[in-house]
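Undergrad: Sequence:
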Amino acid sequence: MKTIMGTFDVTLPDTQPIVFPPLCVVCEKENPDGLIKLSFLGAKSEPVLQMAADRAVGFDVDPKYYGGNTLNKIDGIPACKGCSSRLKRYHWGLQFGYYTAWIPGLVPIVAFPHVSTIITVPWMILCAVSPGVYTLLRPPSFGASFFQGKANFEFKSQKVAEAFMHLNVEAIEKGKAEAEKVKLEKAAMEQSKSEETAPQ
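Position one of the sequence shown corresponds to residue 1 (the working numbering), numbered consecutively onward.
Incorrect hints may have been included.
As the list claims (entries may be wrong) - Here are the computed distance ranges between Cβ atoms for each label pair: (1) ARG89 x ASP33: 12 to 22 Å; (2) TRP92 x CYS27: 18 to 28 Å; (3) ILE103 x ASN31: 40 to 50 Å.
Hints are computed from structural coordinates only; laboratory data are not their basis. Glycine residues also receive a C-beta, built at the ideal position from the N, C-alpha and C atoms.
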């Protein structure tokens, strides 16, 4: 577990089923009276900058080879009824911001076409990155990000993060032990088959 910008982060493989502790992810109340489902944006491929660089150099690469964004849904997040509505509102507003934050950046370009690009381009970039900056300044009680086969879960509460990490790392270790056991059993079966079929 690592601490980044006011959150306690736990990174797991994105294919692993996750288990939440019986604690509200917002207020740490034990056995909360609700479960919620949230959606998180993720990326499954090369960044847009890579695409732009390839195009600038003259590579004609089909966009389907770059992948794109993903929408990852996490169900069963424990939260009290009062906390769940605030958390849902935060994430809904954040997603809305990610999709629309660049729009105010167009205002100087459309309304004031005579304004220099030295002003309009930085303004548009500032508008586009504002949702990300907002999450750094005011992180959610629970968040997640997905990139390159990893799922990063962010918690404001250290107690919830530690319990989450303990449950999920334990599941990873158990899964590895079971996979190793199956592998050894398979090798033993193949060994016994080869001994049975060997000429005497």
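Undergrad: Hint by hint, which ones does the structure fall short of?
TA: As far as the earlier hints go, not one is violated by this structure.
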